[in-house]
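A.B. asks: Letter by letter, the chains look like this.
Protein chains: 2
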Amino acid sequence: MKRIESDSNPSVKQWKKLLTKKEREKTGTFLIEGPHLVEEALSYNADIHHLIIEENFQIPGSWDKGRIPVWQVTEKIMKSLSETEKPQGVMAVCGMADSDSVVFAPGKKFVLIDGVQDPGNLGTIIRTADSAGVDAVILGEGTVDVYNGKVMRSAQGSVFHLPVVKMDLKEAVEGCKNNGITLYATSLKEASDMREASPNHGFALLVGNEGSGVKEEWLKAADEKLIIPIFGKAESLNVAVATGILLYELQRTRK
Amino acid sequence: MKRIESDSNPSVKQWKKLLTKKEREKTGTFLIEGPHLVEEALSYNADIHHLIIEENFQIPGSWDKGRIPVWQVTEKIMKSLSETEKPQGVMAVCGMADSDSVVFAPGKKFVLIDGVQDPGNLGTIIRTADSAGVDAVILGEGTVDVYNGKVMRSAQGSVFHLPVVKMDLKEAVEGCKNNGITLYATSLKEASDMREASPNHGFALLVGNEGSGVKEEWLKAADEKLIIPIFGKAESLNVAVATGILLYELQRTRK
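For the protein sequence lines, the chains are A and B, in the order given.
Heads up: the first sequence at position 210 corresponds to 210 in the UniProt record's numbering, and the numbers run straight through without jumps.
Heads up: the second sequence at position 56 corresponds to 56 in the UniProt record's numbering, and the numbers run straight through without jumps.
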């Protein structure tokens, strides 16, 4: 275990840069924070480059950290790396998932995301997709960076449970079509009531931006547009809530 | 229309105080922000005390503001009152809803909240309850203040569509029992799969704190504990997403 006391140490400077999307994309690495996320990353064999711990943090005996290098830092350095008000003593630098990890095949289930902007919404969608047994989450262009700290925290480890990858939606749509996977898009207009949907064993659900929804181009590519019935006076549902309702409905009604 | 240019004006000072829960509770009033929320408040006849507009904001002709007094303020004052990065030119001071507005009666649908802490989660639950046609949302002790600006923004006007009131959960539970309304509580332990639930025409759904869930006391009071099946590797769902899935499931399966 190596110890760092100066915040001008080059490693510390490099880790701080990972708080920006630009540096994350350049290096293909990202930071996660807190014992729960680090434990999930370890348990699911994520590509962990280093652990970073605060001086008084005890690594739990149950963690199998193998040969992953550990850096010990001061409380002040940990604070400077953390995006939360109360840092929890442990972080990790991880390598990003590869889009090769997504395989389109008959019977599989996907969530496709077109331009969701709020990090909390994206994280919650990933967690929800995981709960609903989805095989992979595809992030189309214009979607907020999944390696943003707030996305990671909201996703609560689900990014380590299933592939969550950036991909051209065109490629994802073709992957679905070529494998008989029914592609549903959420839409408030010219859409069928979700309760009438009858997916094949596999399905893909395409959800869109908080304000403008799924882009016309992808609505046209969908096999069917679905709407969640509104029984009250709200105009629409939050995108993460809508994803949850639809995934469990499709799960329920598939042949 | 009266105009205020000085931020030491007593009205401005009073409005600023409404950014604290203490002052909101003392006065029974709260601030809302942005044209969408103000329009919803006007459309649903909320108790609006004043409108506050920035000097270059044009009140849309479609707004029926009746005799509500309007104060015009400088851009600087508006910024000092706003909790958002980009103030949208209009705010309103409103009076809080009364718990008398909740009526327990056979066939009605309720959401009961036990200690939800995140303002975004509470706002999203209210929006979701509105979408699902719930009759009222009951806020038990320990739940984040509904008049917090972030709750209001996440609820997107739904607080004006249905009663959302603080109430002792004991009273709410009794209201349900006395009217034959099936009370379901969410729980990860000793719970039935939600797909087996078969509510009466009326039902109440009790959801709990993000970390600790529904308190033991209320779990015992419930007619049935429900769990959403997890098909993947996530441990649980976000509370607002879970509320959405359960409300639409109960809506679907009720007799």
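Hints may be right or wrong, so weigh each one.
Unchecked claim - Pairwise CB distance ranges, derived in the manner of DEER restraints:
1) A/V70 / B/D7: 27 to 35 Å
2) A/K65 / B/D223: 44 to 52 Å
3) B/E210 / A/S6: 43 to 51 Å
4) A/G28 / B/E210: 45 to 53 Å
5) A/S43 / B/S101: 46 to 54 Å
6) A/N179 / B/N45: 30 to 38 Å
7) B/K189 / A/K65: 46 to 54 Å
8) B/S101 / A/G142: 27 to 35 Å
9) B/N178 / A/T74: 39 to 47 Å
10) B/S192 / A/S43: 45 to 53 Å
Honestly, the hints are just simulated from the structure, not real lab data.
Yeah, the Cβ is synthetic: ideal placement off N, Cα and C, and Gly gets one too.
A.B. asks: Are the hints correct? Go through all of them and say.
C.D. replies: Here is how each hint holds up against the structure:
{"no.": "1", "hint": "A/V70 / B/D7: 27 to 35 Å", "in the structure": "violated (52 Å)"}
{"no.": "2", "hint": "A/K65 / B/D223: 44 to 52 Å", "in the structure": "holds (46 Å)"}
{"no.": "3", "hint": "B/E210 / A/S6: 43 to 51 Å", "in the structure": "violated (37 Å)"}
{"no.": "4", "hint": "A/G28 / B/E210: 45 to 53 Å", "in the structure": "violated (32 Å)"}
{"no.": "5", "hint": "A/S43 / B/S101: 46 to 54 Å", "in the structure": "holds (48 Å)"}
{"no.": "6", "hint": "A/N179 / B/N45: 30 to 38 Å", "in the structure": "violated (53 Å)"}
{"no.": "7", "hint": "B/K189 / A/K65: 46 to 54 Å", "in the structure": "violated (31 Å)"}
{"no.": "8", "hint": "B/S101 / A/G142: 27 to 35 Å", "in the structure": "violated (42 Å)"}
{"no.": "9", "hint": "B/N178 / A/T74: 39 to 47 Å", "in the structure": "violated (60 Å)"}
{"no.": "10", "hint": "B/S192 / A/S43: 45 to 53 Å", "in the structure": "violated (29 Å)"}
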